[in-house]
Amino acid sequence: MSLLRIRNLSVEFATASGRFRAVDGVDQDVDEGEILAIVGESGSGKSVSMLAVMGLLPWTATVTADEVSFDGQDLLAMDAAARRKMIGKDLAMIFQEPMSSLNPCFTVGWQIREALRIHLGMGRRERQARAIELFEQVGIPDPEKRLGAFPHQLSGGMNQRVMIAMAIACKPKLLIADEPTTALDVTIQAQILDLLTALRDETGMGLVLITHDMGVVAETAERVSVQYAGQKIEEQRVGPLFRTPHHPYTAALLDALPERATEKHLPTIPGVVPGQFDRPEGCLFSPRCKFADAKCKAQVPPALGPDLGRARCFYPLNTDERVAS
Amino acid sequence: MTNPVMQATALQRHYQVSGGLFGKTRTLKAVGGVDFALYPGKTLAVVGESGCGKSTLARMVTMIEEPTSGTLTLDGKPIRPSDWASLRKSVQIVFQDPYGSLNPRHRIGAILEEPLKINRPDLSSAERTAKAREMLGLVGLRPEHFDRYPHMFSGGQRQRIAIARALMLDPKVLVLDEPVSALDLSIQSSILNLLVDLQERMQLAYLFISHDLSVVRHVADEVIVMYLGRAVEKGSRDAVFSAPFHPYAKALLSATPQADPDARKERIQLKGELPSPLAIPDGCPFAPRCWKVQDRCRAERPVLPDEDHSAACFFPENGGTPAGASG
Ligand SMILES: Nc1ncnc2c1ncn2[C@@H]1O[C@H](COP(=O)(O)OP(=O)(O)O)[C@@H](O)[C@H]1O
Ligand SMILES: Nc1ncnc2c1ncn2[C@@H]1O[C@H](COP(=O)(O)OP(=O)(O)O)[C@@H](O)[C@H]1O
Ligand code: SF4
Ligand code: SF4
Ligand SMILES: [Mg+2]
Ligand SMILES: [Mg+2]
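These protein sequence lines are chains L and E, in that order.
First residue of the first sequence? That's 1 in the working numbering, and the numbers climb one at a time after it.
First residue of the second sequence? That's 1001 in the working numbering, and the numbers climb one at a time after it.
Worth flagging that the hints you see were computed from the coordinates, not collected in a lab.
Backbone N, C-alpha and C fix where the C-beta goes; we use that ideal spot for every residue, glycine too.
Do not rely on the hints blindly, as some may be mistaken.
[What the hints assert, rightly or not] Pairs of lysine-lysine, DSSO-like flavour, derived with a Cα cap of 30 Å: (1) L:Lys145 - E:Lys1077; (2) L:Lys264 - L:Lys295; (3) E:Lys1271 - L:Lys264; (4) E:Lys1117 - E:Lys1131; (5) E:Lys1029 - L:Lys145; (6) E:Lys1265 - L:Lys264; (7) L:Lys145 - E:Lys1172; (8) L:Lys145 - E:Lys1271; (9) E:Lys1172 - L:Lys264; (10) L:Lys264 - E:Lys1024; (11) E:Lys1042 - E:Lys1024; (12) E:Lys1042 - E:Lys1131; (13) E:Lys1024 - E:Lys1089; (14) E:Lys1292 - E:Lys1265; (15) L:Lys171 - E:Lys1271; (16) E:Lys1077 - E:Lys1172; (17) E:Lys1077 - E:Lys1024; (18) E:Lys1077 - E:Lys1117; (19) E:Lys1117 - E:Lys1029; (20) E:Lys1131 - L:Lys264; (21) L:Lys89 - L:Lys145.
[As the list claims (entries may be wrong)] Short, incomplete list of chain E residues facing chain L, as computed with Cβ under 8 Å: (22) Ser1018; (23) Ser1181; (24) Asp1184; (25) Leu1192; (26) Ser1242; (27) Pro1257; (28) Ala1259.
[Claimed, not checked] Which stretches of chain L does chain E cover? Using the computed rule of at least three CB atoms under 8 Å from a CB of chain E, they are: (29) 57 to 71; (30) 171 to 180; (31) 209 to 218.
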């Protein structure tokens, strides 16, 4: 049974210019102990879909789904109080900008001890000991001293470690990390990704890694889900996804990587991601797809089977791989 | 070999910052002595992590800020602040943020014509418009875009506009400060292609600043790796990427994720974090994080040898020439 199971999740925002569908019929499973990457360009609905799971969207959002369950419990049916209890404990999330999630007025030590008090009801001395232990676990040097620091006194990488320490404080079963290293330099990014992977190995928690960086995906993820304009358009294990993508968008994205360039001119994808007012009929990628035909422009392609990466496409690529593998 | 269009020698930029409790001002060495040369039709890339001085270097090169010391020459003649007004048109800059750098109240046509209005009083209004329209086409935008406002464009299109504006005065040098870092992958590749085409067509010298090594590997001819305001390695793109000499350059390359799941490789884990630029260590600035550090590294400062491919390191990797110490 999957740890997190999402079926037909959609999110619409009420905006001044009408309704806007940011997430569109997404299915997703996350298993215990696995690292799933959700990859896509900015605005593809990566954050909004996971914020919907966490119940962290503003009131302007309307969330609908056939199923959202976590650890066997139906999150949709759960009342707000029960959900709050679960969130931050069994289900935790960290964000791109650690500074905006930390309270600038309190020391990081106070914030982590407070989380331990609320969720685990620990006593004062126990909290301090656990806080030190957590800081050590996430590789913060000199933890006793750092607990007394305010967020602005620490570097971006150090604050992200603090956020991770807080997120794992209650030994969550699933950690959702939304672009956790996007604001960091690569040497620090490498440290944080290694840390997240090591924590997964130690604790067996599931990890959802949201990113737009194909390099990060290739080096960290085990399974990959690709999003485009609010839809999940493909999902495969990491190796086959990079070797034999099935959806033309995935293939085009990989081709556009400078490191795959075979000549000075890189392959490009014409046009831009559709917005609120130019969402096409039929396949959402059809205005930009070099394989598009009349059918693609008129009909919505359903997701194919798992052997074709659940690609939402009438004409999937690399289909002979099915026979080969 | 052709002559460099621009040359920098021992370029430094220090800032006086008011410090902590007692308000004592301290010196922040944002750029601590950098040499380079830019050639027509060639790209010099400057890489390094945030805070290493890349943008400060860009501001000196584009005559936005005066170097604290060192010299810059253009076509062999030294650039002095008194010449800035007349020389600026030869050196233009494109920034990372295509949103902040365009005036939201001006139409694209006016944005492109503005540099001509200021610097080319010899041109008539009709000539200015003709030139702006031509440039619009050159960067891949359509004629009807001329009368639109910046907010009506996507990020990639805005970056095209910023590039067009930078090219209006026929510069010789284009400084590109993280020009594709804010763009999505599918947009990034078309902007990189545009830059390649424009360089070839106009024989522009590019100073290409980026923290993204996979982009740099694609565009650069020569590379400088900076650390805490200094060039710690320089060389041709192929030399630096295939066999980096400086331990920091090697670590940076190994930390850059590769979009190839089969190429799982050992990352070099650097100890600790970048020291504050207000407290740059004596000796080798990389010593506190270096896995090869010896006593000598803490006592003396290695100087970048003047060779085609070289590193400021006493114990370089991959058979590099060991650096000498500063006197
Ligand atoms: N509170 C909101 N109100 C209206 N639109 C929103 C809101 N939050 C996000 N969106 C829109 O939803 C889409 C998906 O956003 P997001 O999930 O943040 O994308 P990303 O894949 O970059 O994480 C975007 O077009 C974004 O502008
Ligand atoms: N105007 C300024 N006053 C004081 N310090 C500055 C100023 N501009 C830049 N710095 C400092 O100089 C160093 C180099 O900055 P910068 O050139 O922006 O680096 P990069 O572009 O490589 O990220 C940083 O430590 C930065 O804080
Ligand atoms: S359904 Fe058609 S337009 Fe859409 S991705 Fe597949 S081939 Fe392209
Ligand atoms: S000089 Fe010493 S400390 Fe500096 S990079 Fe070389 S080996 Fe490392
Ligand atoms: Mg996001
Ligand atoms: Mg900068």
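Okay, the hints, checked on the actual structure:
no. : hint                  : result
1   : L:Lys145 - E:Lys1077  : 54 Å, violated
2   : L:Lys264 - L:Lys295   : 35 Å, violated
3   : E:Lys1271 - L:Lys264  : 36 Å, violated
4   : E:Lys1117 - E:Lys1131 : 12 Å, holds
5   : E:Lys1029 - L:Lys145  : 28 Å, holds
6   : E:Lys1265 - L:Lys264  : 26 Å, holds
7   : L:Lys145 - E:Lys1172  : 52 Å, violated
8   : L:Lys145 - E:Lys1271  : 19 Å, holds
9   : E:Lys1172 - L:Lys264  : 22 Å, holds
10  : L:Lys264 - E:Lys1024  : 51 Å, violated
11  : E:Lys1042 - E:Lys1024 : 44 Å, violated
12  : E:Lys1042 - E:Lys1131 : 25 Å, holds
13  : E:Lys1024 - E:Lys1089 : 39 Å, violated
14  : E:Lys1292 - E:Lys1265 : 20 Å, holds
15  : L:Lys171 - E:Lys1271  : 27 Å, holds
16  : E:Lys1077 - E:Lys1172 : 14 Å, holds
17  : E:Lys1077 - E:Lys1024 : 39 Å, violated
18  : E:Lys1077 - E:Lys1117 : 26 Å, holds
19  : E:Lys1117 - E:Lys1029 : 37 Å, violated
20  : E:Lys1131 - L:Lys264  : 28 Å, holds
21  : L:Lys89 - L:Lys145    : 26 Å, holds
22  : Ser1018               : 17 Å, violated
23  : Ser1181               : 11 Å, violated
24  : Asp1184               : 4 Å, holds
25  : Leu1192               : 6 Å, holds
26  : Ser1242               : 14 Å, violated
27  : Pro1257               : 3 Å, holds
28  : Ala1259               : 4 Å, holds
29  : 57 to 71              : violated (count 0)
30  : 171 to 180            : violated (count 0)
31  : 209 to 218            : holds (count 7)
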